[in-house]
Amino acid sequence: MKTLRALMQPHRIVLIVLFAALVIWCAVSLRWDWIPDYAPLAIEGLWRTIWILVVTCVLGFLLAVPLGLAQAIGPWYLSMPARMFCTVIRGTPLLLQIWLLYYGLGSLFPQIPWIRSSELWPYLRQAWPYAVLALTLSYAGYEGEVMRGAFASVNKGQLEAANAFGMPRFTAFRRIWLPQAIRSVLPTLGGETILQLKATPLVATITVVEIYSVSSRVRSDTFIVYEPLLLLAVFYMLIAGGINLLFRRFEKQVPGV
Amino acid sequence: MELILETLGLAKSAELLSLSPPGWGGNLLRGLVNSLQIAFGAFGFGLIIGLFGASGKLYGGVVLRDLLAIYTTVIRAVPELVLILILYYVGTDLINQVSQALGYGRVEISGVVAGIWVLGIVQGAYATEVLRGAIQAVPTGQIEAARAYGMPPMLLMRRVTIPAMMSYATPGLANLWLIATKDTALLAIVGFSELTLETRQAASSTRAYFTFFLAAGALYLIVTLFSGVIFARIEKWARRGQPSLKGTGR
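Chains as they are written, first to last, in the working numbering: chain A, 24 to 280; chain B, 36 to 285.
If you are wondering where the hints come from, they were derived from the structure by calculation, not from laboratory data. These numbers were taken from a predicted model, which means no experiment stands behind them. Quick reminder that beta carbons are idealized off the backbone N, C-alpha and C, glycines included. Heads up, a few of these hints could be off.
Claimed, not checked - Cβ pair distances, simulated, as ranges:
(1) B:253 - A:132: 19 to 25 Å
(2) A:42 - B:135: 25 to 31 Å
(3) A:96 - B:253: 29 to 35 Å
(4) A:44 - B:197: 35 to 41 Å
To be verified - Here are some of the chain A residues that sit facing chain B, going by a computed Cβ distance under 8 Å:
(5) 35
(6) 224
(7) 236
(8) 249
(9) 259
Starting from the given sequences, assemble the full structure and let the hints guide the process.
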């Protein structure tokens, strides 16, 4: 009701009408006849994008927890490598990392006989394992830095209390430290996940077929430039909005904040 | 020196990376210069957009505020790669249409200008948000005092708002600068020969992928670390005269 009233101001109504006119103009005067031909491919690409996003975020987060922990309380021989990893990942472009892994490892593996004869070889010949690996490492690098701050910000008195009651260290970590750290970074995590979504089209450069590469194919097949790109932008905005809603729901479950 | 390289098995890599023509080092450095040029230009262009965008969001009318909200939301939700393609095609199309209307024929657009235009607009959206937050952190009394003395808006921005918000804005701006340097790599996809594309060309023609990609990574890392030092200096300078943050809080 409140949002509806906020939308019903005169200038916003004008803007909405203008926007609707723009959409109708786009629908009428631009070319959309390619959509039926490419729709199956686009749905497959969309599915692949979401799949890569979810897998790399989950794996990256699982990797980020030890990285953050090592930096926050680890001895120097753990915290140094963790900090170096985060610095290197955050200091170089993701595109370079993807190409390093795909072209570098991809040219190295065929030279090693036991890898070629192993059962993993059919997978290693494809592009997606490298894409998943690169995106996972990237997410872990950025998130490791975030988790370091989160682990450091949890009130130490609670951990001391757990210790005083004789709670085993791992249980204290699982029940007290980790949940509070995750709660405090939920808003940042949402933003980072949207950044990860925006990083997924980079894997199209190593021949992984996802939604971005479908639009490139439409462009090169039919020489239609703007329409696929506009539709693609809309898709990404919808996914980003979905991520936003999801994380807002997570944040609402946090009591007392 | 050569003996050390020989024993480490790096002689071949050093040869490939040498600056004179059989090696590709010169190409990489040329790419780095191009990247930095674009990053500087885009960062500056983004700052200008951000400054006006932030003022518009804070002091502008309702329509301007809504339009700016749409601009920042859309730019921040769509991948840079897609934006780069859209803005690149729109920009070249517009310029060509204008020049054909004026009777000049098609214009060849330089990669540097296109890169600055494209990345600048993307950076502008982020800079708007960073600067808006920083301006809001400035005590309103200072700005009101300047207004009460009849200071014109531009002078007020130059003398009061910008110096006072610098200390709040530098961390965010440092982040933006790092994003700008890394986003130049995306221009490789539209075929602009910056560091990443030069690296890939060198790597694929010599098949020494690890050597070149690691070397380029090291170059990017040097730029990042060096910028970190510079921005720490700037922040220290912007914070001069303010109480230290250490010892406050907990």
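Status of each hint after checking the structure:
Between residue 253 of chain B and residue 132 of chain A the Cβ separation comes to about 23 Å, which falls inside the hinted range of 19 to 25 Å. The hinted window of 25 to 31 Å between residue 42 of chain A and residue 135 of chain B holds, with their beta carbons roughly 30 Å apart. Between residue 96 of chain A and residue 253 of chain B the Cβ separation comes to about 30 Å, which falls inside the hinted range of 29 to 35 Å. For residue 44 of chain A paired with residue 197 of chain B, a C-beta distance near 39 Å keeps the hint of 35 to 41 Å intact.
Look at residue 35 of chain A: its Cβ gets to within about 7 Å of chain B, closer than 8 Å, so that hint holds up. With a cut of 8 Å, the hint placing residue 224 of chain A at the interface with chain B holds, because the nearest CB-to-CB distance is about 5 Å. With 8 Å as the threshold, the beta carbon of residue 236 of chain A stays out of range of chain B, its nearest partner Cβ sitting at about 11 Å, so the hint is violated. Interface hint status for residue 249 of chain A: upheld, as the beta-carbon distance to the closest one in chain B is roughly 7 Å, under 8 Å.
Checking residue 259 of chain A against chain B: minimum C-beta separation of about 5 Å stays under 8 Å; hint holds.
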